[in-house]
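Participant: From first to last, the protein sequence lines are chains R and H.
Numbering of the first sequence is given in the working numbering, commencing with residue 1 and proceeding in unit increments.
Numbering of the second sequence is given in the working numbering, commencing with residue 1001 and proceeding in unit increments.
It is possible that part of the hints are untrue.
[Stated by the list, open to error] Quick partial rundown of chain H residues pointing at chain R, CB under 7 Å, derived from the structure:
#, residue
1, T1176
2, V1180
3, V1187
4, H1222
5, V1247
Hints were generated in silico from the structure; no laboratory data involved.
Every residue gets a Cβ at the ideal spot worked out from N, C-alpha and C, and that includes glycine.
Read off the chains here:
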Amino acid sequence: MHLHRSHIYGVMGEFGDPEELIHAVQKIREAGYRRLDAYAPFPVEGLSEALGLKRNLVPAITLLGGLGGGLTGFLFQVWANVSSYPINIGGRPLNSWPAFIPVTFELTILGASLAAVFGMLALNGLPQPHHPVFNVHRFSHASSDRFFVCIESRDPKFHLADTARFLQSLHAHHVSEVSDD
Amino acid sequence: MSAGQPPFDSPEIRRLTPVIGPGYTYGSVTDKISAIVLTRPTSLGWYVGFLIAFSLMGMLTVAVGWLIIKGVGIWGINIPIGWGFAIVNFVWWIGIGHAGTLISAILFLLNQKWRTSINRFAEAMTLFAVACAGIFPLIHTGRPWMAFYMFPYPSTMGLWPQFRSPLIWDVFAVSTYGTVSLMFWFVGLIPDLATLRDRAVKTPMKIIYGMLSMGWRGSARHWYRYQSAYLLLAGLATPLVLSVHSVISFDFSIAIVPGWHTTIFPPYFVAGAIYSGFAMVLTIAIPLRKVYGLEDFITMRHLDNMAKVMLATGLIVAYGYFMEFFMSSYSGNKFDVFLVQQRLHGPYAPFYYALILCNILLPQLLWSFKMRHNVAVLFIMSIVVNIGMWLERFVIVVISLTRDFVPSAWGRYSPTFWDWATFIGTMGMFVTLIFLFVRVLPAISIAEMRELVAETSEDEK
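Looking at chain H on its own, in the form it has when it is part of the complex:
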């Protein structure tokens, strides 16, 4: 251990970097967080950022509109590459959402106090990411106005959806995930909406927050059932989040395509999802705490822990890459061996090497205490991992589809302007929603922060 570096998880470190800054009371956490929404004037920076994001979202509207007019031919997809950007981006966005559920549900069950100040916006991030993800398979159908075909409704044709197909499992998994995430988020918000209702000065605000809070009055009887429901939701969301990305990996692994048909896919997809999700939480948390002066609530301890989770899940993902290699050579299946060779030497090899660099090599810097405590490094690392995870999905989708069994079925894929416009447009939509969220709802759970104040004051006694 180098000089001056305290041991990894000692009481000393916990004291040096607490989960909440010192000297906060119930009143002061309430004031500080609710003031961001209620009294703080909207800054010029917010308007500029919102305008940029909203313009990109406008581009999404144009891209989707043009797609509806012309059809999926405006994209770079063609047989044999029918999936392309739409599926790459779908899997990427869904994966990003998973950290939100992990932070809010799994860390809640594990009684990790450091989750408290980051769970609210991580859950919001989940919802917005699922919204962005949902767009892709919908428009990829080519006729999004027929999307209701995927739901089992009594039609005049007498037909039901193919329940044995992973694509239908996807419909159920993603729609359940969206619904449960929304409920989890909203239930968490109810006490805070009541706080905003009671503290709002302007009448329209009082009415809006009042209606949303549904008359919450903090009754002990209500809290009793509320806590029970919240705990149950956390317990339900935990297997749900694992199942959702497993089901998404089935989209690939059920198919008999080289590079897809492997049993490692579900766990490795889930780990990858959490990996990219934590990266996105960091990408949002670092500017958020800076801009709104929340360094006392989102402390270095949080950033450090998230970096550690990233490192751990990154290693699971690395293991997954290694196993893909190993299994293809060990099985001796010539199509699988050929696919691995194509990853290393084929036309898309640069993407594969970039993916190894972003997802495996660079994140090893996070072993260092100094790096984990350098906010700039963490921010850059979070972007690197997001890029890496996007490349992973690109490699999985494109290399396997362009190089399957028969050379006559090989092809090449390159995205068009409209592919990029749609992808960047969803990023605009995501950022727009995040901007609106931090402006109108408390980005940190006020009620849970008060609970944390109570717990930490008990610890001191």
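Okay, chain R solo, but in the shape it has when bound:
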């Protein structure tokens, strides 16, 4: 078994609907497994809670992006008009900040949106052309009508035969080994 371990990414169970999936995830976590992930063709309500996902950095990154964009936009306009190329037009103030608001606003939105999208992709580790779960033949259904849960071999409790048997006991429709290459 120990020899196998390096070639095995985990054990995958297949389920037919979101309720079965959530139920299985809850049971797996109750059994003490922590290194697992679920795969679904759409965001399943309650699944992230069942998996115990709490930390989400996307909002913070978005806030930083928005602040960065807005500050850059505003300070750049002030600098360009006050310091870099001041033009005195009838004694009007150089730092005419109300006129700088539209560009500041647009750049705030732009910065926040870029941060939200690229932050989400980076945290998800995408683009990632290959992943061991794709080695499972039936996994192609994960993007249409099937729900999967994979217990990963790096989990300290992982034991190929026992974990597979455990998944079967949760009424998984199919249980398959996920090879690592």
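Given chain R, put chain H in place with the hints provided.
Facilitator: Below, chain H alone, put in the same frame as chain R:
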């Protein structure tokens, strides 16, 4: 209430016209939508339609090419009417794009389930409309190869763009809008691209969709962050869409030109944009559902709701017209009063009356339940509103510029062949892009339809 007509928004109506036809499962919505792209043979009608649209787009290429060779003199513009078709069409196209963002972002925030089957192609429509819109100010500069002057780059001249000018605000607003719309659309597409990757049979398709989907595998951790990013994008796109058309209205309202210099412009431009945008969504949705048999996904409920939004925004626009009238007489400013008289009795009065007919009078038919449930009427109405909104921009641009303060500065404007060729050419480009889009990408969000199936099956339990 007339006999046989159910009450307006009763549970009965909701049951009669659901947001998705009965009996669909995760698998069957996936099959049905992905089959349009993957297995359905390209029909003769598609080729014919594409050929016509593509020829018109060819005309655009010729018109723009000739413009670059000869300059803007080939158009009907001259002092005092420097803006003409280019700005009319720019504002019209940008406005059309706005419904896409409204449907995808605002209705998402309001948790409106009926948005699901129309948001994808409405977003695509936004992108294509922004692309068409962007062409006009670019070529209107006369020297489009110098367009980079509008961006703040460190030049040897040491100059910066005039950040106090609405035209520069426009550059930032429209380019941000284009970028954010593209990202919103693409993020929405990622799970569907993964579906297409997994279902494609031909190797090139697998590779292309595989690269575009970036290895999306539907992991719960990914969905968790994905939903958060999508919600944030919707929250960001909502003020953005309102700001973009406000900024475009500043192009007019900051200028001290009679008929332009009014504070009602931003809200009334935004309402007008959504009005014409929903009209365009209907213009696309009605043939799309017919041709691809998507009546179960784009149901009468959707068409009915869109007609209601059109009616509501149309009334805001009508209020805007009324306020323009009222404010000019109330202020007593003689130039404003004169401008209103010119709208009613001047050389362009027929355009103004046509605009009132298209934008205010005819859409009142949509109060009727029967009319909103008659697909042919809705289609014609959507075209009427599109024409009306185009006329609105024509009236705003041309009447004010031909009749400002001093009679010696008055003029007349008529578009030339090249004006029309450019305008019709952008329509060709828009339709070409729509044709390509429905052929290679899922026109309805598959992942969100699966979510809808899950929600509706929960409702039934």
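Participant: With reference to the structure, classify each hint as holding or not holding.
Facilitator: Against the structure, the hints come out as follows:
Because the smallest distance between the Cβ of H:T1176 and any Cβ of chain R comes to about 4 Å, under 7 Å, the interface hint for this residue holds. With 7 Å as the threshold, the beta carbon of H:V1180 comes within range of chain R, its nearest partner Cβ sitting at about 5 Å, so the hint holds. Restraint check, H:V1187 versus chain R: the minimum CB separation of about 6 Å is within 7 Å; hint holds. Taking 7 Å as the C-beta cut-off, the interface hint given for H:H1222 holds, the closest approach to chain R being about 5 Å.
Restraint check, H:V1247 versus chain R: the minimum CB separation of about 6 Å is within 7 Å; hint holds.
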